[in-house]
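Chains L and U are the protein sequences, given in the same order.
Position one of the first sequence corresponds to residue 1 (the working numbering), numbered consecutively onward.
Position one of the second sequence corresponds to residue 1 (the working numbering), numbered consecutively onward.
No wet-lab data here; the hints were simulated from the structure.
One should not assume that every hint holds.
A pair holds if it fits inside one copy or across any two, identical chains being indistinguishable in the list.
SDA-like, lysine to any residue: derived pairs with alpha carbons at most 20 Å apart [as the list claims (entries may be wrong)]: (1) K132 - G180; (2) K132 - R153; (3) K278 - H221; (4) K132 - V21; (5) K278 - D87; (6) K137 - E62; (7) K278 - A314; (8) K132 - S183.
The model shown is predicted, which means the values in this text are computed figures rather than measured ones.
2 protein chains.
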Amino acid sequence: MTTPTITLRAIESVYLGGQSVWLNGLPTSFQRTAMGAPAREVDPNGEHTVGQIYAQHYALAEPRHPFPVLLWHGGGMTGGHWESTPDGRPGWLWRFLSAGFDVWVSDAPERGRASWAMYPQVYTQEPIFRTKDEAWKSFRIGRLEEQPNGAMRREPFPGQRFPVGAFDAFAKQWVPRWTGHESMTLAGYDALIRHVGPCLVVGHSQGGGFAVAAAQRHPNHVQAVVAIEPSGLQADAQARVCPHLAIWGDYVEADPTWNQARQRVLEHWQTANANGNKFDICDLPSISINGNSHFPMADNNSDAIADIVIRWLAQRSHPHQSLIKGDQHHETQEIF
Amino acid sequence: MTTPTITLRAIESVYLGGQSVWLNGLPTSFQRTAMGAPAREVDPNGEHTVGQIYAQHYALAEPRHPFPVLLWHGGGMTGGHWESTPDGRPGWLWRFLSAGFDVWVSDAPERGRASWAMYPQVYTQEPIFRTKDEAWKSFRIGRLEEQPNGAMRREPFPGQRFPVGAFDAFAKQWVPRWTGHESMTLAGYDALIRHVGPCLVVGHSQGGGFAVAAAQRHPNHVQAVVAIEPSGLQADAQARVCPHLAIWGDYVEADPTWNQARQRVLEHWQTANANGNKFDICDLPSISINGNSHFPMADNNSDAIADIVIRWLAQRSHPHQSLIKGDQHHETQEIF
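Please build the complete structure, drawing on both the sequences and the hints.
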């Protein structure tokens, strides 16, 4: 449920982490950096800052939970997609604030306002760019049907909840990405968590994988993790860590890549639980919520998915209360 | 003056404008896009979206002015710098909201969350990256003194108001930029203004030049322009347009590039006024506000500069009231 208004005591942003690199021996150029102004020499040689993370903090005047929620985007995305859905409905930022959580929205290193660094001088590789057809398929919005003229037609899956009429608007949210930058990205999230302190992390896709890793790297800070269709797990499933919830949408089993990713998560979760952790799984179709794409926070039932996340997090953000109530894990199962 | 809390009815964002480009004939690659996942084929050929603008809208529950303020960053920056100063004080976003204006903060095409496009396939040139030394000099924070070992030492100007202790943090806000992209950027701002409707535009540096151009391109929408140290004017000084205010900081006359930019603005303003417009100039040192850099919204007197902008805008954002009061231009002169 959203509230009609939200009262904040601060909207602020920080740029954290990163390091200096010195470049030299690069050619200078003469360029006109302002309309109608004379060309000037542009010299890229010298000290640059690379690897920083950017985060916005929305601080409620009266938060109702002790820990803020950190919203982490997936690969090739920025924090912008938490603000509004592609078809213009309120995003999860507003919903989490409505639910009484302080919220941090970040752009990980190399993306959005966190900036990116020169390649091949600093980043060794070229970035990769997502096409609309690739996204249509890999985000499980639908099939690609080859037409007689060779072009592909984008056919949504029956019952699809992604707002397909806003797919072109959604494409405007994508940014280039690099592969092999996991260490840099984790270092950025390290800096963010050290800055924020105790927190709840909600990560989507690649950001979900980073959230699972961050929980292990910062056991005293990360109080709970919600991983929305996490990809790329790099954490020890046997470590004792905070409670985790993984959420999966629809059409997963028919997609080899996502089915494989989900199987890896299931195995990790089983091992974690066998080692005394409280790791939950919510397959949305198993609770009769059908038709969700890889972006449930954009789907037309985004509010319902947010409610699931918020209820699960609310139980875990008041640890003393939970202890009084008894078995945290058992209570959780009742939600689904 | 800021308020301790702000009540909003919406925080939302939009991605506007842009167009599709189709790329083909590019090589595919195999890359591991998630930690520990198998490498997959990455195919950049197909439909991409380029040239969009990103904007966040902070809508007050009870705005006290009829028109929202649009905050436009300068070259190589994003909208992030309006949120907090580099040393962590509240930015102009919070101040304008405190003053009762709805606010839109945008990232222009090619920057931040607006994304950027492949080069040389879409953008024909490589981007340029700002070094710390270049910024120190061109933002008029201080001098560069060559040391015996050949390195440059950054020496702030006496009386400098930029928070020089946060200069390294400030460097984390910079993003790569391209030259020659004015048409694309103006098209992005066109899309934003058409989306917002009647508005007040506050543009910094390159964004100030775009604001002046936008006032002429959208005479029915842009109600007033504040250009903070505008660079790159491309507008007809003889056109009848809304009231404009240009603000200049300190150390300008000793800097040939900025002195020249300021002279161009002075000439443009004089011609505009000779043609019946109401164009004001505020040289901060002339009203005994000394020591401001090229980034007055980051300087340690950023609140005082915001107050000047807010008072000037408030007078122009109630046009019917102003008509009753008489000569708008004459009233303005009294501020300075």
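Tested hints:
In the homo-oligomer, the alpha carbons of K132 and G180 never lie at most 20 Å apart, since the shortest distance is 23 Å inside one protomer and 27 Å across protomers. In this assembly of identical chains, K132 and R153 lie within 20 Å of each other by CA distance solely inside one copy; the values are 11 Å within and 48 Å between copies. Taking CA atoms no more than 20 Å apart as the test, K278 paired with H221 passes inside one copy only; the shortest distance there is 17 Å, against 55 Å between copies. Proximity of K132 and V21 under a CA criterion of 20 Å is satisfied inter-copy only: 11 Å between copies versus 35 Å inside one chain copy.
In this homomeric assembly, K278 and D87 never come within 20 Å of each other (Cα to Cα): the closest approach is 36 Å inside a single copy and 40 Å across copies. Taking the shortest alpha-carbon separations for K137 and E62, neither the intra-copy value of 42 Å nor the inter-copy value of 43 Å comes in at or below 20 Å. Taking the shortest Cα distances, K278 and A314 sit within 20 Å of each other inside one copy (15 Å), while across copies they are farther apart (55 Å). With identical chains, the CA atoms of K132 and S183 are never at most 20 Å apart, being 28 Å at best within one copy and 25 Å at best between copies.
The structure fails to meet hints 1, 5, 6 and 8 from the earlier list, while all remaining hints are met.
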